[in-house]
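Letter by letter, the chains look like this.
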Amino acid sequence: MKFIVILLFLKSDSLNILKFADFLEKEGDYYRAVTEYKRYLYSCNLSQKQRDSILLKIADLDLRLKLYKEALKALKKVKDTTNKHFNLIKGFLFLNKKEFKKARKYLKFSDTLYAYTFLKEKRFKEFEKILGIKLKNLNYPNPYIATLLSALLPGTGKVYSGRFWDGLFSFIINSVSAVSFYNYYSKNPKSIGTYLSGTITFLFYISNIYGSYISAIHEKKRKEAELIFKIEVDTGIFSKFSKWLY
Amino acid sequence: MGKVILILLFLQIKYELPPVYSGSNTPRKEQGIFDKLLVKIIKLYQKTLSPVQGAECNFKPTCSRFMERAIKEYGFIKGLLLGFDRLQRDHPFVFKYIGRYYRIKDNKVFDPPEPYLKDEIYSYPLILKIR
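Listed in order, the protein sequences are those of chains A and B.
Be aware that the first sequence starts at 261, since it is given in my numbering, and climbs by one per residue.
Be aware that the second sequence starts at 109, since it is given in my numbering, and climbs by one per residue.
By construction, these hints were calculated from the structure, which means they are not laboratory data.
Treat the hints with care, since some could be wrong.
Stated by the list, open to error - BS3-like mimics (lysine-lysine), calculated; alpha carbons at most 30 angstroms apart, straight line:
1) A/Lys503 - B/Lys186
2) A/Lys481 - B/Lys186
3) A/Lys382 - A/Lys394
So that you can see chain A by itself, here it is in the shape it has in the complex (with noise of 0.2 angstroms):
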């Protein structure tokens, strides 16, 4: 009984669930604002038209939300799949979840969105065949040459890297520990010194060089992820979907 008199109250309150869920939506309240959106789906009669609208609207504000799941659920529900906005928000769920080839597959009516996917997948030869441009040149470190220059002079590799100052004072931390170690050793080789700067000693050199390696690794991927955000910003990917990208 009580279960009707609250659907009896739901459709007579329609339409404000609507307007409800709107302001919800402009104040930033996603989360409440896609159960409005739910409620108001699920009380009114609304012809396939406006249901897909508001499907759309819901896995909109899921992808927002980064719960691909949910946008994907209300996704399946809308019937006209010949709806750009509909290719629209499936296409960056994909490009989202890293997959790729499905993302091209709905945003392939747009030149630029459609490069966009080789750009994210870091393809980036076939991004300048298919807008023409030609992309800067990239010098990226090489992760092992940073290992190899680590291992060779502590502090090195992350010169090479790009990190100046961390080198510098991995150079500084590491010939200290060394020093210190050698004059424990020197005085007596089976001294509890000796045996624990010898072990801060060795982890400072190892640590200094899988330091290096991965700074080279961050400074490559760091140097690609700018090159797609200037892209981005470019081209007016960042203005009209960063709300789904970031």
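Chain A is fixed; fit chain B onto it per the hints.
Here is chain B on its own, set in the frame of chain A:
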């Protein structure tokens, strides 16, 4: 040295798991004996030596906290290496890298270990430039 390790093994220092970083989606590894031992040594340091030294670390989370969390996230070897690498990165000129590698949080250089070996870390400075 062995006795000290044994005493530390039997010391029951209670510790709480840190709040899970929202960007971390990978399930955490089960902690082994060495992981637990190292975490206990770090905890011991945090309770005894760290208050004497004061808040000297330029980073947030601090180096000891970073190592503790790195061990929990990536296991003993990677966690230990990342922690020792962090110790070498903690120098007065680290603020020069803000916007490039790090961002500021509570007047400290924000550098959590959880996204360290993942892709998310690179998006921080880029978004900052626009927003």
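Going down the list of hints, with the structure as the test:
With a C-alpha separation of about 35 angstroms, the suggested pairing of A/Lys503 with B/Lys186 is violated against the 30 angstroms cut-off. Restraint check for A/Lys481 and B/Lys186: the C-alpha separation of about 20 angstroms stays at or below 30 angstroms, so the hint holds. Of the supplied pair hints, the one linking A/Lys382 and A/Lys394 holds, its CA atoms being roughly 15 angstroms apart against a limit of 30 angstroms.
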